[in-house]
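2 protein chains.
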Amino acid sequence: MFQNFNSTTSPKQGPPRLKRLRNWMSSKNIDGFIVPRADCHQGENVAACDERLSWLTGFTGSAGFACILKEHAGIFIDGRYRLQILDQVANEYSPIHWPEVQLHDWISETASVGDVIGFDPWLHTVLQINTLNEALKGKGISLKSCDNGIDAIWEDRPGKPSASAWSHPIALSGQSVKEKCSKISTIIANNGADSAVITLPDSLCWLLNIRGADVRRTPIVQAFVIITAQGSVKLFSDIRKFKNVHFDEWIELFDWSDFECALQGSTGVMQIDPESLPYAAFKALEVGSSKINYAPDPCILPKARKNHTELEGARLAHTRDGAAMVEFLSWFSQNDPSQLTEIDIVETLEGFRIATGQLHDISFDTISGSGPNGAIVHYRVTHETNRCLEQNSLLLIDSGGQYKDGTTDITRTLAVGTPSLEMCQCFTQVLQGMIAVSRVRFPKGLSGRDLDALARTRLWEVGQDYDHGTGHGVGSFLSVHEGPQRISRTAAVQLDPGMIISVEPGYYRAQAFGIRIENLIVVQEPEQLMHSGSHSMLDFETLTYAPIDRQLILRDMMTDYETAWLNTYHSNVFEKLTPHLTPEASKWLRTATMAI
Amino acid sequence: MFQNFNSTTSPKQGPPRLKRLRNWMSSKNIDGFIVPRADCHQGENVAACDERLSWLTGFTGSAGFACILKEHAGIFIDGRYRLQILDQVANEYSPIHWPEVQLHDWISETASVGDVIGFDPWLHTVLQINTLNEALKGKGISLKSCDNGIDAIWEDRPGKPSASAWSHPIALSGQSVKEKCSKISTIIANNGADSAVITLPDSLCWLLNIRGADVRRTPIVQAFVIITAQGSVKLFSDIRKFKNVHFDEWIELFDWSDFECALQGSTGVMQIDPESLPYAAFKALEVGSSKINYAPDPCILPKARKNHTELEGARLAHTRDGAAMVEFLSWFSQNDPSQLTEIDIVETLEGFRIATGQLHDISFDTISGSGPNGAIVHYRVTHETNRCLEQNSLLLIDSGGQYKDGTTDITRTLAVGTPSLEMCQCFTQVLQGMIAVSRVRFPKGLSGRDLDALARTRLWEVGQDYDHGTGHGVGSFLSVHEGPQRISRTAAVQLDPGMIISVEPGYYRAQAFGIRIENLIVVQEPEQLMHSGSHSMLDFETLTYAPIDRQLILRDMMTDYETAWLNTYHSNVFEKLTPHLTPEASKWLRTATMAI
Chain B
0 MFQNFNSTTS PKQGPPRLKR LRNWMSSKNI DGFIVPRADC HQGENVAACD
50 ERLSWLTGFT GSAGFACILK EHAGIFIDGR YRLQILDQVA NEYSPIHWPE
100 VQLHDWISET ASVGDVIGFD PWLHTVLQIN TLNEALKGKG ISLKSCDNGI
150 DAIWEDRPGK PSASAWSHPI ALSGQSVKEK CSKISTIIAN NGADSAVITL
200 PDSLCWLLNI RGADVRRTPI VQAFVIITAQ GSVKLFSDIR KFKNVHFDEW
250 IELFDWSDFE CALQGSTGVM QIDPESLPYA AFKALEVGSS KINYAPDPCI
300 LPKARKNHTE LEGARLAHTR DGAAMVEFLS WFSQNDPSQL TEIDIVETLE
350 GFRIATGQLH DISFDTISGS GPNGAIVHYR VTHETNRCLE QNSLLLIDSG
400 GQYKDGTTDI TRTLAVGTPS LEMCQCFTQV LQGMIAVSRV RFPKGLSGRD
450 LDALARTRLW EVGQDYDHGT GHGVGSFLSV HEGPQRISRT AAVQLDPGMI
500 ISVEPGYYRA QAFGIRIENL IVVQEPEQLM HSGSHSMLDF ETLTYAPIDR
550 QLILRDMMTD YETAWLNTYH SNVFEKLTPH LTPEASKWLR TATMAI
Chain V
0 MFQNFNSTTS PKQGPPRLKR LRNWMSSKNI DGFIVPRADC HQGENVAACD
50 ERLSWLTGFT GSAGFACILK EHAGIFIDGR YRLQILDQVA NEYSPIHWPE
100 VQLHDWISET ASVGDVIGFD PWLHTVLQIN TLNEALKGKG ISLKSCDNGI
150 DAIWEDRPGK PSASAWSHPI ALSGQSVKEK CSKISTIIAN NGADSAVITL
200 PDSLCWLLNI RGADVRRTPI VQAFVIITAQ GSVKLFSDIR KFKNVHFDEW
250 IELFDWSDFE CALQGSTGVM QIDPESLPYA AFKALEVGSS KINYAPDPCI
300 LPKARKNHTE LEGARLAHTR DGAAMVEFLS WFSQNDPSQL TEIDIVETLE
350 GFRIATGQLH DISFDTISGS GPNGAIVHYR VTHETNRCLE QNSLLLIDSG
400 GQYKDGTTDI TRTLAVGTPS LEMCQCFTQV LQGMIAVSRV RFPKGLSGRD
450 LDALARTRLW EVGQDYDHGT GHGVGSFLSV HEGPQRISRT AAVQLDPGMI
500 ISVEPGYYRA QAFGIRIENL IVVQEPEQLM HSGSHSMLDF ETLTYAPIDR
550 QLILRDMMTD YETAWLNTYH SNVFEKLTPH LTPEASKWLR TATMAI
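Protein chains in written order, with numbering that gives the first Met the number 0: chain B, 0 to 595; chain V, 0 to 595.
Because the hints were derived from the structure by calculation, they are not lab data. Mixed in with the good hints there might be a few duds.
Copies of one chain are not kept apart here, so a pair can be met inside one copy or by any two copies together.
Said to hold, decoys possible - Each computed SDA-like pair below joins lysine to any residue, with the alpha-carbon atoms no more than 25 Å apart:
1. K443 / Q424
2. K443 / V492
3. K443 / T489
4. K138 / N190
5. K136 / Y293
6. K138 / N189
7. K138 / N292
8. K443 / T456
Make a model of the complete structure from these sequences and hints.
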């Protein structure tokens with residue numbers, strides 16, 4: 000079982016640690032210290048040794064940061080975590096609504112003139128520090144790069160991860176390391192640079208066809224890379240991690256400790272991504288004679304556009320994962336829900352995924368939210384919050400698997416007992432939004448921003464909305480949240496064939512219920528047009544196959560187009576999954592996918 | 000009759016004038032000269048004396064520019080004019096596809112190292128010249144501000160317009176000059192400036208509640224304004240134009256000739272809009288001691304958000320204009336179309352508008368495109384192009400009126416005889432797009448970009464699209480094309496209550512037919528939500544009332560929501576207009592607005 004249900008932190012741990020951090024600050028003659036959630040790779044999942052924010056404060060969310068001053072301790076969290084934080088941190092920490100309140104605003108108002116705020120330069124990007132420096136200009140408050148105060152006081156801090164990496168075979172990646180490095184070196188050369196630094200683990204894992212176990216849920220290897228415009232690669236990490244990986248001779252392995260030196264000694268034009276490069280790496284480059292060229296990480300777009308092999312893998316992974324979902328749903332239909340808890344749901348579903356024999360990990364901790372817990376967008380059940388499923392409520396299950404051929408992410412909302420009319424109305428509106436995006440055809444050149452409204456118009460009609468994006472990019476046996484493609488009001492990157500993206504509109508009524516329906520889709524060139532169109536178009540192939548709860552759909556609210564999409568989808572689900580099912584699940588699926 | 004059907008230019012006029020311009024260039028020791036369509040107010044409609052581009056080349060489009068070199072003459076036109084230009088200019092002029100090819104690229108490739116390109120600094124904005132200078136850096140080609148070469152060789156060039164201006168009464172503007180100037184001076188002060196220069200005529204006409212007759216179709220007065228953060232105003236123009244206008248004493252009138260001096264003598268912080276300020280004005284400011292503060296014209300947003308009085312006026316104007324449209328449509332239904340030409344359509348429709356007794360001008364030259372002419376998005380019929388209406392074709396009519404209480408803009412596409420199934424399919428898809436935008440409710444904060452896709456999804460489904468925005472802003476007895484609100488893929492400005500905007504999806508099949516359906520709509524706070532929504536929403540009120548040709552609608556393609564919208568709209572059209580109609584038109588309208 001991958002998931003556990005323990006509360007890993009307690010609000011009580013915060014105050015004594017805060018006191019010790021302030022003592023350390025005083026010993027270093029600084030008046031403040033910033034503690035981000037991020038590690039030096041800016042990953043969403045971090046290793047145990049990088050859980051500094053939760054160790055200090057008790058807050059376990061996947062995004063946020065604290066700023067500790069002598070008298071104040073602000074903890075900055077976005078809309079997803081405003082309820083959760085109240086249970087997780089002691090009163091000594093003041094939750095700050097971020098990004099509405101920016102760090103520099105809070106510092107300007109809270110710190111004193113003359114104060115020096117320390118930060119660990121490996122944990123902040125160039126852009127973050129430059130922006131903060133710029134905003135604090137003229138306020139009489141300065142930033143100071145320093146050692147990490149948490150590392151200084153955290154006695155039993157775990158070591159850096161050292162799990163073995165392995166090769167991700169070409170049968171799954173579809174492209175050799177040679178080809179990828181050649182493509183990236185061309186991008187670097189076209190950009191007028193001689194080399195590029197890559198610090199995002201999923202970028203370098205994609206580039207070097209490696210995977211690893213440095214963090215949970217995402218099979219990445221933590222490392223840094225310098226790649227030249229000629230295609231040669233220096234890889235900086237813990238060398239022991241690569242004993243099972245054979246690299247060609249043009250890929251040289253170095254220890255972590257050599258990275259700073261390599262930057263200091265670099266020459267020529269060095270391409271860096273200010274949105275991911277640690278500030279410390281930038282300062283090391285400044286010591287050397289190289290000229291800086293700012294550009295996005297060159298792996299990001301090629302990685303986002305999945306090739307034929309990766310898409311074939313994704314289809315297999317989704318069929319397998321869909322079959323596990325159906326076994327679970329069939330099991331669920333045969334049980335008395337009042338005898339089940341949220342944790343039972345998580346364990347049983349994971350059990351069916353494990354039974355496929357091919358589950359490498361779950362792709363994130365399953366969200367199993369019953370009744371009011373469904374309205375907490377990033378709910379993770381613990382023994383303390385675990386609820387029995389109530390009659391006449393909704394159950395929201397958002398889960399996914401890491402398979403070597405693909406990463407899945409699926410949300411289904413299920414009726415428990417007899418749902419109310421309002422629940423069915425809201426569910427149908429959310430479904431209409433998901434269908435609108437799934438079936439849209441659109442001209443080349445559009446970004447996710449241009450499509451976001453399609454998922455929301457039915458909710459908007461009745462004054463409702465959801466406070467998250469419509470969809471995020473998904474990696475290929477990599478991060479379940481992968482940029483740059485997204486569907487949201489701020490998604491500016493053009494949608495290109497091969498990009499995998501989620502479509503997951505929702506509706507949340509606080510203290511009552513939550514609804515979300517999520518499929519993964521992939522941008523494709525349409526096979527053929529119904530009429531001879533004059534414009535060059537794209538559309539989406541749906542990757543996720545699992546039934547949508549028909550008990551929650553109000554047929555009369557649906558248009559004929561929507562109903563036709565749903566019936567075709569369900570008929571494809573049946574056809575695709577039934578060869579992989581137990582007879583019992585297959586029988587259940589036949590009913591669950593009947594036309595409405 | 001406002002509209003005429005003469006071709007005002009001929010390709011033959013171009014070559015001799017080009018020769019004389021080159022002689023002038025040679026006498027001035029310059030190697031090139033740029034001739035924009037724009038006047039010094041950057042207006043879409045220009046006075047006769049500013050028709051330099053058409054005088055020189057024969058090209059009469061509303062956007063474009065020429066760059067004349069010793070050996071080459073490039074004329075830069077966008078997608079709308081690529082066919083038209085072929086008929087209008089002689090071979091000496093090379094049409095350049097702009098913006099695909101930028102002026103600086105063409106100059107770099109075509110001019111010689113050492114060449115000096117002249118330009119009239121009053122006809123180009125600060126942004127245009129700065130961008131061009133930046134792009135030509137290092138190419139060995141320089142720009143030089145100089146006199147206008149066209150004015151030097153155009154012997155019978157008309158004088159600057161001198162028509163009388165008049166006051167736009169508070170009963171129509173809804174806000175006194177005092178209140179408006181006070182609002183604008185606050186914006187300037189909040190921006191840290193002491194004064195602002197305003198050179199856009201519709202901005203200053205809005206600010207000073209004046210209208211005039213300096214150009215056709217748009218009732219603007221050409222002038223420049225300097226307004227201080229204390230709210231005092233200096234108005235630079237032809238003083239004689241204001242003999243019928245009473246200004247308060249804090250509005251001082253000066254002659255055109257004083258403007259440059261006033262800028263040269265200005266002090267303090269001066270706010271300018273680099274997207275509209277003439278480069279010459281910027282150079283004059285540089286002579287003085289004032290500090291420049293770049294910001295958008297402060298009138299643009301307050302002007303775009305129409306007040307209650309302006310909206311009441313718009314509703315009256317649209318009812319009047321809708322009734323004229325219905326009289327026309329009723330007349331059309333009783334005539335044998337094969338006996339009618341495109342010009343007959345224009346003249347008859349204008350006649351019905353004039354018969355309202357309140358038409359000040361048409362708001363633009365009516366587009367009356369029969370059959371293949373309908374596919375030319377900016378078609379304007381002349382005696383040469385005039386077509387008889389053919390049986391079994393489509394007629395596209397895009398027209399509008401300037402009434403003192405409001406500006407209208409409406410497009411209807413009519414069946415002539417029996418339209419083909421394909422025509423009806425395309426018409427229905429376009430209609431579905433118009434309905435989708437008209438009935439959408441959306442959260443505050445969205446821009447037109449976020450809604451653009453809604454108008455297009457039905458066309459996209461069959462690989463079709465239209466190569467223009469979905470909608471443009473409209474003024475209040477001012478420009479029929481008014482920014483900054485728009486619905487298009489590049490429309491970034493937030494939609495606010497009171498903004499009037501067109502919604503006009505279309506479909507064009509070259510050499511065959513054109514379809515466009517256009518209503519004006521206004522952003523409003525919804526009167527009430529059907530359910531208790533949790534989000535703060537906006538929606539649109541439709542201003543335009545005129546029937547949509549039911550013969551072209553395929554009922555089976557429409558969803559119930561769309562049909563319900565159409566039937567409600569048609570029933571409102573009947574109810575609203577019938578009190579203003581002749582009995583004959585009223586009878587026709589009853590049939591034309593029957594539920595489908």
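Going through the hints against the structure:
Taking the shortest alpha-carbon separations for K443 and Q424, only the inter-copy value of 23 Å comes in at or below 25 Å, while the best intra-copy value is 34 Å. In this assembly of identical chains, K443 and V492 lie within 25 Å of each other by CA distance both inside one copy and across copies; the values are 12 Å within and 23 Å between. In this homomeric assembly, K443 and T489 come within 25 Å of each other (Cα to Cα) both inside a single copy, at 18 Å, and across copies, at 15 Å. When the C-alpha separation of K138 and N190 is checked against a cutoff of 25 Å, the pair qualifies only between copies, where the shortest distance is 21 Å, while the shortest distance within a copy is 37 Å.
Proximity of K136 and Y293 under a CA criterion of 25 Å is satisfied in both settings, with 23 Å inside one chain copy and 22 Å between copies. For a Cα distance limit of 25 Å, the shortest separation of K138 from N189 across copies, 21 Å, qualifies, whereas the shortest one inside one copy, 41 Å, does not. In this assembly of identical chains, the alpha carbons of K138 and N292 lie at most 25 Å apart only when taken from different copies (23 Å versus 30 Å within one copy). With identical chains, the CA atoms of K443 and T456 are at most 25 Å apart both within one copy (23 Å) and between copies (13 Å).
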